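2 protein chains.
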Amino acid sequence: MAYATWKIDTLERFCADVFAAFGFTAEESANISDVLLTADLYGIESHGMQRMVRYHKGIEKGQIHVDEKPEIVFETPISAVIDGHSAMGQLTSIFAMNKAIEKAKATGVGVVSVRESNHYGIAGYYAQMASKQGLIGFSCTNSEAIMVPTFGRKAMIGSNPIAVAVPADPYPFLFDSSTTVVTRGKLEMYNKMGKPLPQGWALDETGAPSDEAPRVLSNIVSKNGGGIMPLGGSSEVLGSHKGYGWGMVAELFSSILSLGVTSNECCTFTDKTGICHGFAALDPAAFGNPDEIKKHFSEYLEALRESPRAEGAERIYTHGEKEVLAQADRRENGVPVNDGTMIELADLCNYLNLDFAEYFPGYDLPAEFAGFSGNY
Amino acid sequence: MAYATWKIDTLERFCADVFAAFGFTAEESANISDVLLTADLYGIESHGMQRMVRYHKGIEKGQIHVDEKPEIVFETPISAVIDGHSAMGQLTSIFAMNKAIEKAKATGVGVVSVRESNHYGIAGYYAQMASKQGLIGFSCTNSEAIMVPTFGRKAMIGSNPIAVAVPADPYPFLFDSSTTVVTRGKLEMYNKMGKPLPQGWALDETGAPSDEAPRVLSNIVSKNGGGIMPLGGSSEVLGSHKGYGWGMVAELFSSILSLGVTSNECCTFTDKTGICHGFAALDPAAFGNPDEIKKHFSEYLEALRESPRAEGAERIYTHGEKEVLAQADRRENGVPVNDGTMIELADLCNYLNLDFAEYFPGYDLPAEFAGFSGNY
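Protein sequences appear in the order of chains B and Z.
For the working numbering, add 131 to where a residue sits in the first sequence, where the first one is 1.
For the working numbering, add 131 to where a residue sits in the second sequence, where the first one is 1.
Misleading hints may appear alongside valid ones.
Each pair may be met inside one copy or between any two copies, as identical chains are not told apart.
Straight-line distance between alpha carbons at most 30 Å, and here's what the computed BS3-like set of lysine-lysine pairs gives [to be verified]:
1) LYS453 with LYS200
2) LYS354 with LYS236
3) LYS236 with LYS192
4) LYS354 with LYS426
5) LYS138 with LYS263
6) LYS236 with LYS188
7) LYS425 with LYS354
8) LYS192 with LYS263
9) LYS425 with LYS317
For the record, the hints were derived by calculation from the structure and aren't laboratory data.
Predicted model only: the values in this text are computed from it and were never measured.
Isolated chain B, as found in the complex (with noise of 0.2 Å):
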């Protein structure tokens, strides 16, 4: 697979026309885009640019409502339930996750979960929304069914990433995670590379282990039976059980509290995704001294970085310490995109009017180009 290297102004700015294109208003735009563009930033390809299809398909098809707002359904000082009314994930997500925190600052915590809204993105922007402002940030989110459950066969749950962040020194813990073994996109990664997917990861249709990843994909997208593991694989030996019960803690925030539409339904609807949200907050402060608090967090890490590694392993890492390094070396050197997301914009921009050479200028599109219509 090919890559183009952008700067990251140049997506920026690609990104802000496309979905005020889309009637989306200058400060909304900009909004979905630093969600999206963090995800690139970070290292996170399959969220980032690789994703727009999945937006342009999703308003495309109206499942994604342009028009609508978030609104508050239920309240407490303490918590919120919040119907998304199909409006776009990412800023449903940022109206929720600063509710949160506003009440974590009014009262020590606050607990918000979101039915009927849309894919969010990378679920450690809205943890970090939280830890940006000194407190600790939860966000989770289910998805379309794609986790097989212990000793089932048919996918029950999401990906149901969670993700926490909080305020540390020299840069934050970010720890943001699938409760599958891996995601989706790392299969299609597999399916394109044409290699066999590791063991541990995928099952066919009878619910059995399997590394052909061209037949994991076909029968997800056919709903034929099988999908991903849970973190933890396909038997109790390893602690399947243990992924399959994270999955339900996010299924327990986002769908269950919000009464919303579980992983097993989401995605099945013309009209909308269906997909429900969970973020909180809580301020370090209603425990004591938060610089303390943050001073003793930092001093563990530290003593993590720097504890003995394993023969042959060149460093220990902290959660979120990936990201930092990532992000510095593409505001600096560019963002790589993949040549199959470049042809995903062009056919973008011939949907929206847009001048994709004027974005990227002396990117050669290839010539079977014409007529091309994305992937969904």
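Could you slot chain Z onto chain B? The hints should help.
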């Protein structure tokens, strides 16, 4: 390993008498016994009667202080920090969880972080204290370092279990899981059986995977390096960094918010263990009608249990179901206690001047029992 089976009443009477003999009040003794025997009833043998020796030795060595009481050192309407003053872990934990429940009933949520405590038994016990009252309950603890961080070779994090309990019909959801792939108890079981460890469990002193239980356990005891892998194994391919991240979340709520002793220092003192816990309770009524939420969750759990099974699989479980089944069986048919544990109980009787034969009539202790002083 041979087992003797005892009625739950017998074990209750024995435990209550043991803790009374150690100097606890009748109420305290009943509470400690309830935590321990709930583990045995749930089939979590490693945390029930088998753990008595650890409490015996902890009190004998002066790490557990029988006469101390937990103290609230910081408090807000939604939170508290408790100093356990090295009192018995179960008693401090019941006190702390009751505080979280009381706050949740008043404000919707209660989060309590505890420092300077001791081993608290099964995490799920405390989470269930909340779910029995219609609340969502959380509980976690740090512990003596045994988890090796991804790319490391020194244990820096405990087995750090996290439990989540949620009201549901026909039985509550109870997810109670170490953040390591398995607990030390599992390694000890394989050691006793002389079997090689499954791939993906343990690391030797160089940080390389090892299937040698005696080597890994002896390294753990002598703090020579190595230990147990995080959930997800030792490489990022299967998600090692995810189990490591969950271990850190348990650390955050236990040792970090309370400014307590982190796992890498736990159990390195002569007069305390320093173990820390985290507890939270959340009222579903802060999100709408609790009965509707419970019904919505119960329907999803039922859909999971009824979803298509993998070929050859008998049943798909939801979390907490196995514990309900085990409890029914053990209340009816008795609780199995292995011979090694029976010897430890006899030793405990000698230490406390209790009559072993009165509690366990007909049990033949081995001839070499004279002079046995337990293992710690």
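Tested hints:
{"no.": "1", "hint": "LYS453 with LYS200", "verdict": "neither (35 Å within a copy, 43 Å between copies)"}
{"no.": "2", "hint": "LYS354 with LYS236", "verdict": "neither (44 Å within a copy, 43 Å between copies)"}
{"no.": "3", "hint": "LYS236 with LYS192", "verdict": "neither (39 Å within a copy, 44 Å between copies)"}
{"no.": "4", "hint": "LYS354 with LYS426", "verdict": "between (49 Å within a copy, 27 Å between copies)"}
{"no.": "5", "hint": "LYS138 with LYS263", "verdict": "within (25 Å within a copy, 55 Å between copies)"}
{"no.": "6", "hint": "LYS236 with LYS188", "verdict": "neither (38 Å within a copy, 45 Å between copies)"}
{"no.": "7", "hint": "LYS425 with LYS354", "verdict": "between (46 Å within a copy, 28 Å between copies)"}
{"no.": "8", "hint": "LYS192 with LYS263", "verdict": "neither (36 Å within a copy, 45 Å between copies)"}
{"no.": "9", "hint": "LYS425 with LYS317", "verdict": "neither (34 Å within a copy, 35 Å between copies)"}
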